[in-house]
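A.B. asks: Chains as they are written, first to last, in this note's numbering: chain A, 1 to 286; chain B, 1 to 309; chain C, 1 to 330.
Incorrect hints may appear among the rest.
Stated by the list, open to error - Among the chain C residues that face chain A by a calculated CB cut under 7 angstroms, a handful are:
1) L64
2) R88
3) M96
4) V121
Derived from the structure by calculation, the hints contain no laboratory data. Each residue gets a CB set at the ideal place from its N, CA and C atoms; glycine is no exception.
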Amino acid sequence: MTDATLKDTAIRRRISLPAIPVSVALAITWIVVVLLIAAFAEKIAPYGFTQLDLRNRLSAPGNVAHWLGTDELGRDVLSRLLVSIRISLLIAFGATAISAVVGTTLGFLAAHFRGVVEQLVLMLTDFQASMPFLIMALAVLAFFGNSLPLLIGLMGLFGWERYARIARGLAISANAQGYAAAVRQLGATPARIYLRHILPNIASTLIVSTTLVFPEVILMESGLSFLGLGVQPPMTSLGNMVGYGREYLTRAPWIMLAPATTIVATTLAVSVIGDWLRDRLDPTLQ
Amino acid sequence: MGRYFAIRIGRALLTIILVVTFAFVVLRLSGDPSLMILGPEAPPEVLAAFRKAWGLDDPIWIQYVDYFGAIAKGELGRSMRDGRPAIQLVLERIPATLALTLPAFAFKVALGIPAGIYAALNRGSAIDRAVMITAVAGFTVPSFVLALLLVLVFAVQLGWLPSGGQDSWRHAILPIATLGLGGAAVLARFTRSAMLEVLGQPYIRTASAKGVPWRKVVTAHALPNAAIPTVTILGFMVGTLIAGAVVVESVFAWPGVGRLLVVAVANRDLSVVQCILLLVAMTMVTSNLIVDFLYGFLDPRLRAKGAHA
Amino acid sequence: MSAPLVEVAAISRTYTMRSGMFGRSSAVHALDGVSLSIRKGETLGLVGESGSGKSTTGRIVLGLEPPDAGEVRFGGKSMAAPGTPEWRVQRARMQMIFQDPLGALDRRLPVADQIREPLDVHGLGTGAEREARVQELLRSVELNPQHGRRYPGALSGGQRQRIVLARALATKPDFLVCDEPVSALDVSIQAQVVNLLADLQAELALTMLFISHDLRVVRQISNVVAVMYLGRIVETGCADDLFARPEHPYTQALVSASPAPGRRSAGRIVLSGDPPNPAARPSGCAFHPRCPRAISRCATELPALSSIASDRQVACHLVSGSQAQSQDAA
Chain A
1 MTDATLKDTA IRRRISLPAI PVSVALAITW IVVVLLIAAF AEKIAPYGFT QLDLRNRLSA
61 PGNVAHWLGT DELGRDVLSR LLVSIRISLL IAFGATAISA VVGTTLGFLA AHFRGVVEQL
121 VLMLTDFQAS MPFLIMALAV LAFFGNSLPL LIGLMGLFGW ERYARIARGL AISANAQGYA
181 AAVRQLGATP ARIYLRHILP NIASTLIVST TLVFPEVILM ESGLSFLGLG VQPPMTSLGN
241 MVGYGREYLT RAPWIMLAPA TTIVATTLAV SVIGDWLRDR LDPTLQ
Chain B
1 MGRYFAIRIG RALLTIILVV TFAFVVLRLS GDPSLMILGP EAPPEVLAAF RKAWGLDDPI
61 WIQYVDYFGA IAKGELGRSM RDGRPAIQLV LERIPATLAL TLPAFAFKVA LGIPAGIYAA
121 LNRGSAIDRA VMITAVAGFT VPSFVLALLL VLVFAVQLGW LPSGGQDSWR HAILPIATLG
181 LGGAAVLARF TRSAMLEVLG QPYIRTASAK GVPWRKVVTA HALPNAAIPT VTILGFMVGT
241 LIAGAVVVES VFAWPGVGRL LVVAVANRDL SVVQCILLLV AMTMVTSNLI VDFLYGFLDP
301 RLRAKGAHA
Chain C
1 MSAPLVEVAA ISRTYTMRSG MFGRSSAVHA LDGVSLSIRK GETLGLVGES GSGKSTTGRI
61 VLGLEPPDAG EVRFGGKSMA APGTPEWRVQ RARMQMIFQD PLGALDRRLP VADQIREPLD
121 VHGLGTGAER EARVQELLRS VELNPQHGRR YPGALSGGQR QRIVLARALA TKPDFLVCDE
181 PVSALDVSIQ AQVVNLLADL QAELALTMLF ISHDLRVVRQ ISNVVAVMYL GRIVETGCAD
241 DLFARPEHPY TQALVSASPA PGRRSAGRIV LSGDPPNPAA RPSGCAFHPR CPRAISRCAT
301 ELPALSSIAS DRQVACHLVS GSQAQSQDAA
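Please model the complete structure; the sequences and the hints are all you need to start from.
C.D. replies: Printed below as a string of structure tokens:
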């Protein structure tokens, strides 16, 4: 094969890449919008999210001053929604990152040391997988009270066992034969083998797992906040808004519907992207 | 065979020990129990007496062993709110929770499993697509949103059903529907993929190629094999019967274990929280054990595999 | 001829295999008292069927796993324990060529980065020197800089094996273990890679352990040959001499089965019986169930490896001393 034909096929491959289904394109667009909102929430919000407008309490959506209406204290629902998106995404991203790092690290440790370390990690993954996370999270919140860093850390304990299982399994097979064994016999340190070689090779599988964990973290956080045990006022989050909006379900359903729709759309979008990535990157993962 | 069950029971005990350890560690890390229970204004001599009485001056490992001893005897402390034994408070809430979770469980099984099987057997049909869309919705719509939507439609708009409370059977309909719909969607999606996986196996194609009637292929070969993964998720669902209704009970003001837990967490009523935690752990462990025993019954190959695990 | 660089003294390796649900474990003797010695600048060819313990020998000689008994000495010193810092430093002096070059390369890195990797790992030279060395290595394995920018998936099997070779040579090692380096390649490519290996070996005065089941390749590249059967060495000797006058019945069978120019195929010895299974090692001489000349003594008594000529050793009851040499000269 000459270089010219090689270049030719490379170009053709590049052209075929953007063949993205409409649902995935919509999902990606939604996620980009949500990310932009999270980044610039305070700048786009028409009002401060705690700013009261006592003359316009519980006003319906669609009026010029308040596009999405106001709540029981006359606070602008749109502004609160934008800030809520920021907080909920902050928690979800922080927690997903923690759980990916913790899980992958534990999986690599299990694969590297085997023996007792591996048994210990496997025992913890079994334990984590067999206990309902919501109950454990509620117990921790009962004992330690509540703060944003604690909430992120707590949510970060969600789903780590999946990364640990994947990382352990793939690292063991990479160590047993192939590139990892080859690099090891070059004299590379374990850190180099795991971080420079194994991690990039299993990254696509880990990313697909992330798209499974991320929506569940959003649902878990919004559930806790809905119960009044997650994000605490005056701070606001999507679940928190639904929780307080429920009091006005009959008179002002828009307070609760706006954040509820956002939660559903975001988890749906991440799931759609995840399914698409799984088909493209990793057909072995069920 | 004996080895398989011995390993499973060992694991179950280990999970219980881990949960107790978790509760102990969290309890000790969260602060001085004497101050938390007696309050910061308690006189020092009362505090000292309390510490002595509860063994808080002992080395930590003795406290750890004592903690196990107390739990084994069922001494799970008293509620900080009304001074009644925590275990009694929790136990009297269980019937209310089961009144929701048992019918919901039956609903999930009756709707989810047939829908999943039907969708898998008629892949690509309109019903398959409907099942899949519902299943995705069941995953992405959180239960509190579903609950509020049901209230909005059936209680507020139509006025057919009450929106909360526990006065009659009609009050139970919306909570059961919320629990059941979400669970049925999950179960349908799971059953469908388990069925599709089995239907793609060579032995199914062999059986139908040999001229075995399709009906018989499905009932004799596909269903029993697809049952194995489905039993796992059912086991997990059984494990959540006691405390799987935390959110739904809160939305509908239903006085069950879940609502008790939320109130206890909000009030930092540690004895009650710890009691529920242990109860949930035991339910989960028991249902996992039942699943493992069923596995041994459904699939003799797993016994051999389990021995090596 | 100089002093031995690698000395292998009576190494053994046993794996335990579990079978059945109650975990009845059985011992598999992968290696049983193997001794070898490779002189500086020489190539030892290790020959045998699969399951004979060739690859295990290669891994132990390279220090990738420790033997259960016996010792490997490299440059007069014993081998460091695998995974230790000393062991890692030692890797710069000894390298391995794998059977499957695609498996041995990281698919997510351009191959030039992978050739550079041993230099990075062992901290050899400055950044610019490493780049220059990579280009030099690419040229020495007859590839150009453009190949270096590609990923393993975009190269042919022969090119990949050249990359693996370039990577192995990066730190200027003294010793190379080649484990079936060409058996996964097309026959037309095999000769090119073997020629390249032979040239580089001569040019860099490399010491090599060359493992293969292919007698033609081994004959081409080796000075000394050792024949293995079920974890033991059954015959060693100079390559030319051993292939010309094999003494052990197993070697005779191997040689007769391998096509060679100028030799008639009429004398081909066809082995009967089961192929060797390390988990069920026959008593006595492990080869006796398949040996066309076995006598009753072979089934009970294990023959020792003994010298029959200055540099020829054979483990066979039928071959002893110089009088046996004439028997099968045909």
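A.B. asks: Can you name, in rising order, the numbers of the hints this structure does not satisfy?
C.D. replies: Hint check: nothing fails, all pass.
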